[in-house]
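**Q** Line by line, the protein sequences give chains V and G.
Sequential numbering of the first sequence, starting at 1, is according to full-length UniProt numbering.
Sequential numbering of the second sequence, starting at 1, is according to full-length UniProt numbering.
Treat the hints with care, as some may be off.
Pairwise CB distance ranges, derived in the manner of DEER restraints [unchecked claim]:
1. G/S126 to V/K196: 57 to 67 Å
2. V/R166 to G/R55: 47 to 57 Å
3. V/N172 to G/Q128: 29 to 39 Å
4. G/D132 to V/A316: 50 to 60 Å
5. V/A316 to G/T14: 17 to 27 Å
6. V/E169 to G/P35: 23 to 33 Å
7. V/T16 to G/G62: 36 to 46 Å
8. G/E89 to V/D173: 39 to 49 Å
9. G/S126 to V/N172: 47 to 57 Å
10. V/K324 to G/S126: 11 to 21 Å
These are computed hints drawn from the structure, not numbers from a lab.
Cβ atoms here follow ideal geometry from the backbone N, Cα and C, with glycine treated the same way.
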Amino acid sequence: MLETNTWIQQYFDEATDAVLIFKEDDLVVSNQIAQDLEQELHLDPTYLVQVADASVKQKFSATDNCFNCAIRNSMQEISIPITLAKDMPHPLKYFMIYHVINADEHVFSLTLKNRGTIERMDQLAQQRQLNQYVNRAHEEERKKISADLHDSIAQGVYSAIMGVRRINEDDNDEAAIHELTQVIETQLNDTLAEVKGMALDIRPSVLDSFGLLPALRVLAKRLQENSGVTITVSGNASTEGLATDVQNVLYRIGQESINNALKHAAANEINLLLVAHNHFIILEIIDDGKGFDLSQHQGFNGHSLGLLNMNERVKALNGAFEIKSQAGAGTTVTAKFPVSFA
Amino acid sequence: MTLEEIDRQQDYQTLVDRIYRQDDFDFVGVALQAPTAPHAIKWLFVAGNQSEQFRKIVLRSGIGIAGLVVRTGKPFWKNELQQYTFSDEMYTPIAKIEALQSAAAIPLTSSRFHLVTGVLLVGYRSAQPVSDDTVSRLTQYLQAF
Numbered sequence: 001m002l003e004t005n006t007w008i009q010q011y012f013d014e015a016t017d018a019v020l021i022f023k024e025d026d027l028v029v030s031n032q033i034a035q036d037l038e039q040e041l042h043l044d045p046t047y048l049v050q051v052a053d054a055s056v057k058q059k060f061s062a063t064d065n066c067f068n069c070a071i072r073n074s075m076q077e078i079s080i081p082i083t084l085a086k087d088m089p090h091p092l093k094y095f096m097i098y099h100v101i102n103a104d105e106h107v108f109s110l111t112l113k114n115r116g117t118i119e120r121m122d123q124l125a126q127q128r129q130l131n132q133y134v135n136r137a138h139e140e141e142r143k144k145i146s147a148d149l150h151d152s153i154a155q156g157v158y159s160a161i162m163g164v165r166r167i168n169e170d171d172n173d174e175a176a177i178h179e180l181t182q183v184i185e186t187q188l189n190d191t192l193a194e195v196k197g198m199a200l201d202i203r204p205s206v207l208d209s210f211g212l213l214p215a216l217r218v219l220a221k222r223l224q225e226n227s228g229v230t231i232t233v234s235g236n237a238s239t240e241g242l243a244t245d246v247q248n249v250l251y252r253i254g255q256e257s258i259n260n261a262l263k264h265a266a267a268n269e270i271n272l273l274l275v276a277h278n279h280f281i282i283l284e285i286i287d288d289g290k291g292f293d294l295s296q297h298q299g300f301n302g303h304s305l306g307l308l309n310m311n312e313r314v315k316a317l318n319g320a321f322e323i324k325s326q327a328g329a330g331t332t333v334t335a336k337f338p339v340s341f342a
Numbered sequence: 001m002t003l004e005e006i007d008r009q010q011d012y013q014t015l016v017d018r019i020y021r022q023d024d025f026d027f028v029g030v031a032l033q034a035p036t037a038p039h040a041i042k043w044l045f046v047a048g049n050q051s052e053q054f055r056k057i058v059l060r061s062g063i064g065i066a067g068l069v070v071r072t073g074k075p076f077w078k079n080e081l082q083q084y085t086f087s088d089e090m091y092t093p094i095a096k097i098e099a100l101q102s103a104a105a106i107p108l109t110s111s112r113f114h115l116v117t118g119v120l121l122v123g124y125r126s127a128q129p130v131s132d133d134t135v136s137r138l139t140q141y142l143q144a145f
């Protein structure tokens, strides 16, 4: 028991959060870091008590301004954001957690947690979640490619093989052979078209050889054929001097936005606009679909790469990314990058 | 294209018109595979269409109702079509742009090897369901044709 007490004492002293325990508004005990803070920042513990007092009062303003009554109101914990060392070059942002230890004897603790650390942890957690998501997205992509290969390419080749076998059967006359070869040719042609389509989905070679605008046109044409939705691409941008990274991101944003509009917006018309100015280039994707409430799609929702990913990719290249949408009023996605066409 | 094929094509318009007149379908269409590479399948003959948008669709084998009929060579029908979005396998472009709630389709085949060369599709914009009965009605129209 004695040993455990030592451990607890040690933990208390070495804890990274500053802990101060008060009885009847007088400081009874505090740990090492609290004492350090006290000394270095000339922090007065009673100031902290006053802050806590004020905030408790605020919360229970219905009561007759009595601190102890508030405690008796069975309040367990209250956290207050507080900034210490305000007059120094680097103010320290903390959370102060007020915790009642013993209400009858008016014993309570104040814990100071560094907000910077908490924010950093939040960032880290989100980053991990994102990483996990990207991995999962990669896996999904592979699954899709594999399924496509198996379902359409392999099937096409297989039926061509069956056709060739049939040619070799004995009871064929000239005309039958002629028709069969045509059939096989058709099948192989279809398969070829599938392969080309898949290649386009995965990575458009047009983008490398002809630039962004033609690539977007090809994409729009293909998606228009598949969906029946009118998709137009207009613009003046010559993208020769544009960095490959920027072109890639703009292409993916176009792709993702069209797909989103087709999937979720039930749009009848989608317009892409790519315009280059002297110092920047803008891609806009405008649809006439049903729109959505942006606030509900902010941040990372765990399964949709969509908005967050687009935003991240644009930010990574110093661009600006914006979505304007309203329920019933369509959606406009804008990506803008600074460029120099010197 | 030979004269015979052109004749046949005009006949398809006649067939489509006849079905549209005699039956209660809201939309009737025939999609045919192009005789030359890359053998794209497009909607060529329609009746009851609400826009010219259908001309922009290029059917892909295996996708949607018509695509499944092309791939499998078997009739197919489906109700409650508007619940499917673009990422679903059952998403049917013609149903989307013609606002069809239900559709049934049968394959059009070449005489010799029974190869699928196209699709005959009918659909309703109302909640009226389609079934194997719709398919057999379509088959009768095609046989009489």
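**Q** A separate judgement is required for each hint: does it hold in the structure or not?
**A** Hint-by-hint comparison with the structure:
{"no.": "1", "hint": "G/S126 to V/K196: 57 to 67 Å", "result": "violated (40 Å)"}
{"no.": "2", "hint": "V/R166 to G/R55: 47 to 57 Å", "result": "violated (35 Å)"}
{"no.": "3", "hint": "V/N172 to G/Q128: 29 to 39 Å", "result": "violated (47 Å)"}
{"no.": "4", "hint": "G/D132 to V/A316: 50 to 60 Å", "result": "holds (55 Å)"}
{"no.": "5", "hint": "V/A316 to G/T14: 17 to 27 Å", "result": "violated (60 Å)"}
{"no.": "6", "hint": "V/E169 to G/P35: 23 to 33 Å", "result": "holds (25 Å)"}
{"no.": "7", "hint": "V/T16 to G/G62: 36 to 46 Å", "result": "violated (59 Å)"}
{"no.": "8", "hint": "G/E89 to V/D173: 39 to 49 Å", "result": "holds (40 Å)"}
{"no.": "9", "hint": "G/S126 to V/N172: 47 to 57 Å", "result": "holds (49 Å)"}
{"no.": "10", "hint": "V/K324 to G/S126: 11 to 21 Å", "result": "violated (36 Å)"}
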